[in-house]
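**Student:** With the hints as your guide, set chains B and S onto chain W.
Protein chains in written order, with the numbering used here: chain W, 15 to 553; chain B, 39 to 368; chain S, 85 to 375.
Everything labelled a hint here was simulated from the structure, so no lab data went into it. Please read these numbers as outputs of a predicted model, since none were measured by experiment. Note that beta-carbon positions come from the ideal geometry of N, C-alpha and C, so glycine has one too. Some clues are possibly wrong.
What the hints assert, rightly or not - Among the chain W residues that face chain S by a calculated CB cut under 8 Å, a handful are: (1) 380; (2) 381; (3) 386.
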Amino acid sequence: MSASAVQPEPVLKVEGVSKRFGGVQAVSEVCFSFGAGQICGLIGPNGAGKTTLFNLVSGVYVPDAGVIRILGARTDGVPAHRIARLGVARTFQNPQLFDALTVRENVMVGLAQAAPPTLASSLLAFSRRRRREEEDRVAADRHLARVGLTTASDRMAKDLSFGEQRLLEVARALATRPRLLLLDEPASGLSQGEVAQLVALLRDLRADNLSIFLIEHDVSTVMNVADHVVVLNYGRKIAEGAPQGVRNDPAVIEAYLGSAGGAAPRVSTERAPTGRQMLSAEKLVSFRGELQVLREVSFDVIEGEVAGIVGPNGAGKSTLLGTVAGLYPLQAGHVRLGDKSTEGQPAERVVQLGISLVPERRGIFTGLSVRENLALGAYARYRGSQRQQIDADIENVFALFPRLRELASARAGSLSGGEQQMLAIGRGLMARPRLLMLDEPSLGIAPRLVAEIFRVLNTLKEGGTSILIVEQNARSVFEIANRVSVLVRGRIVMTGTPAELADDARVVEAYLGGRRPSSGSGMQAPPMPIEPAAPPSVQ
Amino acid sequence: MRPSTASRELLILVPVALALAALGVLGNTYMISMLVIAGIHVIVTAGLTLLLGFAGQISLAQAAFYALGAYGSMIGTVHLGLNPWLALVLTALGSGIVAYAIGVPTLRLHGHYLALATLGFGIIVNIVLVQETNITGGPTGAVGIPRLTLGVELTSDRQYFALVWFVTLALLLVCRVLVTGSSYGRVLRALQASEVATESIGIDVARYKVQVFVLCAVLASLGGSLYAHYLTVISPSEFGFDVSMEFLVMAVIGGLGSVWGALAGVLAVTAFLEILRTVAPMIAPNIPTSEYEVVAFGGLLVLTLLFFPDGFMGRWRRFAGALRLGAMGR
Amino acid sequence: MSEVVQFLLSGIAAGGIYALIAVGFVTVYNVLGIINFAQGEFAMFGALVAASLVARGVPLVAAIPLAIAVTAATGALTERAILRPAAGSSDVVRIIITIGVSIGLRGLALTVWSSKSYALPQFSGGEPVRILGAALALQNFWVLGVAAAIMIALYLLFERTYFGSALRACVMSPNASRLMGISPSVMSLFAYTMSAALGAMAGIVVTPISLATYDMGIMLGLKGFVAAVLGGLVSAPGAVVGGLLLGIIESFAAGFLSSGYRDAIAFALLLAVLGIRPTGLFARMAEQRRV
Numbered sequence: 015m016s017a018s019a020v021q022p023e024p025v026l027k028v029e030g031v032s033k034r035f036g037g038v039q040a041v042s043e044v045c046f047s048f049g050a051g052q053i054c055g056l057i058g059p060n061g062a063g064k065t066t067l068f069n070l071v072s073g074v075y076v077p078d079a080g081v082i083r084i085l086g087a088r089t090d091g092v093p094a095h096r097i098a099r100l101g102v103a104r105t106f107q108n109p110q111l112f113d114a115l116t117v118r119e120n121v122m123v124g125l126a127q128a129a130p131p132t133l134a135s136s137l138l139a140f141s142r143r144r145r146r147e148e149e150d151r152v153a154a155d156r157h158l159a160r161v162g163l164t165t166a167s168d169r170m171a172k173d174l175s176f177g178e179q180r181l182l183e184v185a186r187a188l189a190t191r192p193r194l195l196l197l198d199e200p201a202s203g204l205s206q207g208e209v210a211q212l213v214a215l216l217r218d219l220r221a222d223n224l225s226i227f228l229i230e231h232d233v234s235t236v237m238n239v240a241d242h243v244v245v246l247n248y249g250r251k252i253a254e255g256a257p258q259g260v261r262n263d264p265a266v267i268e269a270y271l272g273s274a275g276g277a278a279p280r281v282s283t284e285r286a287p288t289g290r291q292m293l294s295a296e297k298l299v300s301f302r303g304e305l306q307v308l309r310e311v312s313f314d315v316i317e318g319e320v321a322g323i324v325g326p327n328g329a330g331k332s333t334l335l336g337t338v339a340g341l342y343p344l345q346a347g348h349v350r351l352g353d354k355s356t357e358g359q360p361a362e363r364v365v366q367l368g369i370s371l372v373p374e375r376r377g378i379f380t381g382l383s384v385r386e387n388l389a390l391g392a393y394a395r396y397r398g399s400q401r402q403q404i405d406a407d408i409e410n411v412f413a414l415f416p417r418l419r420e421l422a423s424a425r426a427g428s429l430s431g432g433e434q435q436m437l438a439i440g441r442g443l444m445a446r447p448r449l450l451m452l453d454e455p456s457l458g459i460a461p462r463l464v465a466e467i468f469r470v471l472n473t474l475k476e477g478g479t480s481i482l483i484v485e486q487n488a489r490s491v492f493e494i495a496n497r498v499s500v501l502v503r504g505r506i507v508m509t510g511t512p513a514e515l516a517d518d519a520r521v522v523e524a525y526l527g528g529r530r531p532s533s534g535s536g537m538q539a540p541p542m543p544i545e546p547a548a549p550p551s552v553q
Numbered sequence: 039m040r041p042s043t044a045s046r047e048l049l050i051l052v053p054v055a056l057a058l059a060a061l062g063v064l065g066n067t068y069m070i071s072m073l074v075i076a077g078i079h080v081i082v083t084a085g086l087t088l089l090l091g092f093a094g095q096i097s098l099a100q101a102a103f104y105a106l107g108a109y110g111s112m113i114g115t116v117h118l119g120l121n122p123w124l125a126l127v128l129t130a131l132g133s134g135i136v137a138y139a140i141g142v143p144t145l146r147l148h149g150h151y152l153a154l155a156t157l158g159f160g161i162i163v164n165i166v167l168v169q170e171t172n173i174t175g176g177p178t179g180a181v182g183i184p185r186l187t188l189g190v191e192l193t194s195d196r197q198y199f200a201l202v203w204f205v206t207l208a209l210l211l212v213c214r215v216l217v218t219g220s221s222y223g224r225v226l227r228a229l230q231a232s233e234v235a236t237e238s239i240g241i242d243v244a245r246y247k248v249q250v251f252v253l254c255a256v257l258a259s260l261g262g263s264l265y266a267h268y269l270t271v272i273s274p275s276e277f278g279f280d281v282s283m284e285f286l287v288m289a290v291i292g293g294l295g296s297v298w299g300a301l302a303g304v305l306a307v308t309a310f311l312e313i314l315r316t317v318a319p320m321i322a323p324n325i326p327t328s329e330y331e332v333v334a335f336g337g338l339l340v341l342t343l344l345f346f347p348d349g350f351m352g353r354w355r356r357f358a359g360a361l362r363l364g365a366m367g368r
Numbered sequence: 085m086s087e088v089v090q091f092l093l094s095g096i097a098a099g100g101i102y103a104l105i106a107v108g109f110v111t112v113y114n115v116l117g118i119i120n121f122a123q124g125e126f127a128m129f130g131a132l133v134a135a136s137l138v139a140r141g142v143p144l145v146a147a148i149p150l151a152i153a154v155t156a157a158t159g160a161l162t163e164r165a166i167l168r169p170a171a172g173s174s175d176v177v178r179i180i181i182t183i184g185v186s187i188g189l190r191g192l193a194l195t196v197w198s199s200k201s202y203a204l205p206q207f208s209g210g211e212p213v214r215i216l217g218a219a220l221a222l223q224n225f226w227v228l229g230v231a232a233a234i235m236i237a238l239y240l241l242f243e244r245t246y247f248g249s250a251l252r253a254c255v256m257s258p259n260a261s262r263l264m265g266i267s268p269s270v271m272s273l274f275a276y277t278m279s280a281a282l283g284a285m286a287g288i289v290v291t292p293i294s295l296a297t298y299d300m301g302i303m304l305g306l307k308g309f310v311a312a313v314l315g316g317l318v319s320a321p322g323a324v325v326g327g328l329l330l331g332i333i334e335s336f337a338a339g340f341l342s343s344g345y346r347d348a349i350a351f352a353l354l355l356a357v358l359g360i361r362p363t364g365l366f367a368r369m370a371e372q373r374r375v
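Chain W extracted, bound-state conformation (with noise of 0.2 Å):
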């Protein structure tokens, strides 16, 4: 890609980084560079540490071990401010534009950087202040060109569309001039049109020698357009290289739809469901902040049958349970457990209508022991007055895990990813409920602990038990699921035995991308609106 006559300076160079969060490792000595010039995507399943890495790089952690060099300089515990001033700007997860300005206004911060304002300046030097304000002007104006937003510029930030807000980062970050630029998911919340023009722009972008770092959960995004992929799993660098080569690489699909057989024991005597319905949802909506994450989702889940709900990153999964136990608002659509509505209802009241999520990343009471957070998940129906019924429940979910019963009174904080996923499970299924809810029970945990908790949710299963799982490793959930749904864009696409989807290719393509399926809407991009006479701004 780029031109390499000497030995060219790698523009981001990470060496053996290491960050750890309490019991868990998040990033355990990932090593990866890329060159000027280039686009370097780093992408893996939920929970693989791709933010925490895309943090270090950023300077919002400071990696335990390691070194990080960003065009040089070592970078690794440098102020995010400081790290800015070497020549790397960022984009956001979640848009954090400021508010009160407008479009251009917000550009025109960015140009700051180059000599930020001092109080007595503003104050004094008139006409300087004055010829200044009309460069710099002149200057935001060329880099909303860039990106597109030429007809924007006095709008309000706030005002914009959720995609308009993000090319409106991109054009804040070039106004700093640099030559790195960090991406925090770009193309998440964005229709398929606005991430056509994304690609476009950041193709012409790299044409400019810019390098770009980023992070996506839509790997198919990430193939179409960078030169260098890095994938993480377990906080670990499991492939590295061009896209083509990454995308036909087993671990990877392993790695994202997990791995074919294996995972749990294929139990030959089920039971059979009774058919009546335990939950119904009906065209469900919901919103998180601006974005519309779910868009008319309608599934059941029948009462003693295990349903399944899988899809990519970023689908509107963990939205989904959320939104049915009371966490996230509803904004249109019914729920009901039983013949009882439960739409509406806060979390608190939902688990006592017999609803119990275990929820993403586990979400334990790290402070408490184990025995301790067990006796929590009876709150709902106990209020604390039966002790003995409690332990006694206690010893059950004992019985289930083994390993929590050695760990009884361990801070539950200290517990590995796999035993605090356990203790989560086990928490649930204290509080008795008619339906239980997992969501990701897998994520960040290593094998050999994933099939000895699809063992136990075999068993539950057995026992009767309605089970809704959510997962992005769809393949272990193939294993014990009736049914399966696809979950895609907050959408859910198909639906069917594990037979039938286990060898459909359509799954495998809704995780990595590759042939656009050709029913599609809308899937020729609109062409890019740039303008010709922009000078490259990024040296």
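**Tutor:** Frame of chain W, contents of chains B and S only:
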């Protein structure tokens, strides 16, 4: 800066100045002296408005910097025999340096550490004022502070009224220009919207916060100097912790982030207390008004924040915005 | 020697009072996420209510629980009527609302009780106790005893009861605790009510020594707050240690240095801690709670 900005400022400034001029000519002595104090309060409160609005930080020592201004001017003129204007400037510089020393260690941290530090600082200042009798006059205070001179000594309250409000409005206008019409103000407004994003652009957020805090302290000090030269008598009880709270209340009630909010807040609170003093004795003649005042003050603060969390100016801005949109629709 | 013992004992007694108020600060900070500037006013309120009841002939043993109950009810009302409706506002606004509550309560007290001082009898009659040459009024031991008893009761409540672990869970992870059926609104009400009751107790036990006035809450609240900051602001044990430490340092410094600067010592200590170690003296303890 949009072309309408300057005219919008005049829209507020001109009526205010005219009203004040009318009051200055027609008002009785009581009203004049009340308004002199109110003008001084506006200067002190404006500092807090900027600090709360742009740095998102609380200072509980505004009365202490007010005291530094007053006592600094007193010491400069009475003990050292300096020209009052020179004493005023030197005191303001000194207050700024003190604020810098407090701000640098605390504003580098995330959280409300400035509130904690200023709490401690404010109370210590007040205790020193009481204890160091030789310099400050102790609990009974200091006397014999000269009036300011502008060619002639400003002996009449009406002259002082004109001076104070000229200075007040000029300072407000300077602050306003600083915030809305300059690249410096743009950085401040960026800071207010998102600290992480401002930092990611390469701007040292802490540095700007310290500067705003220094500005906040200097304004308080200027107000204190004007106060000392007006009353010519000062004592520690006028600069206690509760006074810091009152400035905070006036800032919050007026609305944060726009210096006009300080004007609105001070005038609203002053008017409220005056009305209370007139009305309360009619309802309950047996209870001294000063006792009601405190309850009413607390009540006013709580109710304002419950119903107008953005303060009066915030509500006004939204109202004005709605009017403009309505007009455009037609 | 006798002087040292004297300073130490009276310092510990004062420290006990600071600790009670500091624990109230910490509890509210952990659950509601704000610094409650009305904390000292609850001490004042409890003390004045108790003094009025006793003056009207109510026996002390009945007046004390009654005054605590009245103060706790006032706290509960404050949380429901004022803080809960403002739950969506920013921290700064909610902190300033507590300042408004403190001004309002102080004004209410001024209206009801005027600016006179009120006394409570010592909890038990008897000569001052002599230890190693130091003489200490008996009430100081009541202060110590009450503070110690409350600390033990609080420890048992937080660490040994089911409700206590639910409260701690709510502090650690509000969303996950909602999934257990723990209502953050109930916990917030409990925390605020409890810290009002703690304040009332502190105010009542200290009144036989230092009298009660409408403005006693300002200094008491601020010192309790300094104690809480010394302890890291998020840890109840840290607040207790911070309170005792503050009481002892203040007592010695006031004895050996100028007594006029007695009240400045606490705040000088506050500035020193913020300059050197802003997370409090016991940051490791604090780490386990929310930071």
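**Student:** Against the earlier hints, flag every one the structure doesn't satisfy and list their numbers going up.
**Tutor:** none
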